[in-house]
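Build out the structure end to end from the sequences listed, making use of the hints.
When we follow UniProt numbering, the leftmost residue of the sequence shown carries the number 1, and every step to the right adds one.
No lab work stands behind these hints, which were simulated from the structure alone. Positions of the beta carbon are idealized from the N, C-alpha and C atoms, including for glycine. Careful, some of the hints might be misleading.
Straight-line alpha carbon distances no greater than 25 Å define the calculated DSS-like cross-link-like pairs of lysine-lysine that follow [what the hints assert, rightly or not]: (1) Lys147 with Lys105; (2) Lys26 with Lys107; (3) Lys211 with Lys305; (4) Lys147 with Lys257; (5) Lys281 with Lys222; (6) Lys222 with Lys203; (7) Lys239 with Lys279; (8) Lys105 with Lys13; (9) Lys138 with Lys105; (10) Lys281 with Lys241; (11) Lys107 with Lys147; (12) Lys257 with Lys227; (13) Lys222 with Lys279; (14) Lys239 with Lys305; (15) Lys203 with Lys305; (16) Lys176 with Lys165; (17) Lys285 with Lys222; (18) Lys138 with Lys191; (19) Lys257 with Lys203; (20) Lys79 with Lys26; (21) Lys203 with Lys297; (22) Lys305 with Lys222; (23) Lys239 with Lys165; (24) Lys203 with Lys227; (25) Lys26 with Lys105; (26) Lys13 with Lys26; (27) Lys13 with Lys138; (28) Lys211 with Lys279.
Derived Cβ-Cβ restraints for the label pairs, each shown as a range [as the list claims (entries may be wrong)]: (29) Glu163 with Pro3: 52 to 62 Å; (30) Asp309 with Arg90: 53 to 63 Å; (31) Lys176 with Asn233: 30 to 40 Å; (32) Ser87 with Ala304: 33 to 43 Å; (33) Val66 with Glu100: 13 to 23 Å.
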Amino acid sequence: MAPNLECRMYEAKYPEVDMAVMIQVKNIADMGAYVSLLEYNNIEGMILFSELSRRRIRSVSSLIKVGRIEPVMVLRVDKEKGYIDLSKRRVSEEDIQACEERYNKSKLVHSIMRHVAETLNIDLEELYIHIGWPLYRKYGHAFEAFKIIVTDPDTVLSTLTREVKEVGPDGQEVTKVVPAVSEEVKDSLVKNIRRRMTPQPLKIRADIEMKCFQFDGVLHIKEAMHKAEAAGNDDCPVKIKLVAPPLYVLTTQTLDKEQGILVLNNAIASCTEAIEQHKGKLVVKEAARAVSERDDKLLAEHMAKLRQDNEEVSGDEDSEEEEDTGMGEVDVDNGAGITD
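Right, dumping it as structure tokens:
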């Protein structure tokens, strides 16, 4: 029989009044919108139209859309009938921020727990009863416990116990305290937590312009680039790359954002000092900052386009020497671009 993989994220079956909760809009009716409470196993709630906005409503569709996920405030909870009344207009910016933060953490915890339950063929609720909810009680949020488990699983998991009833030799029922987690569950949980929660290095980048019009200026620039790279360390190695003269980018990867920015700033300072000794100039176009994969992709596309543009203007169409000369420089020695 397949395990039950549906379960609320928190121990309480219903949210408290005046609490912000994350919902998804399911459908819009005559009186208001029916929604699912995502943290409470999708139990149903309702937002009356009067609770959508503090202003006069001109268009309901501009305020609420089917499928949208957002935080709302709990107004009333009737546990007997299962009615939950919610409000969009009463939720503050602070409530929204706190709710989104909590939900994102809870969603990650839930995803890990669900995967473990599915892999080991056990009910998700059973996993929450013995592991998830006790960790919420002890750490405020299971996410905080999971962060510790990444490096020190025993500190967290060895404290979890549960009571089991057994019949003793004399026929009397006795209660025994045993570990809450079997080795199999523990191994699967730790493996999944480490896979999903091990911090990923951040990429830090700075954009500079560097010029040197002295004799051997190119050599002086190269020397300054070496100085920049030498400012890195094992935790934050620095790379400097030419985009197109006079634009260069410095990058590093690190788990510590502040440390990465500091290292790049030191690299820029070393580079500046080296180039100014030869009457060159360095200007910071964009200061050191964390960048996303998208930024990296845009830079790579920009460099590829510059390379292509350079290749199109240097050399004639019959030249065989145009494979890739870095930034598409004219190959003077081989006479590229020179025709009889």
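Violating hint indices (sorted, rising): 23, 29, 31, 32
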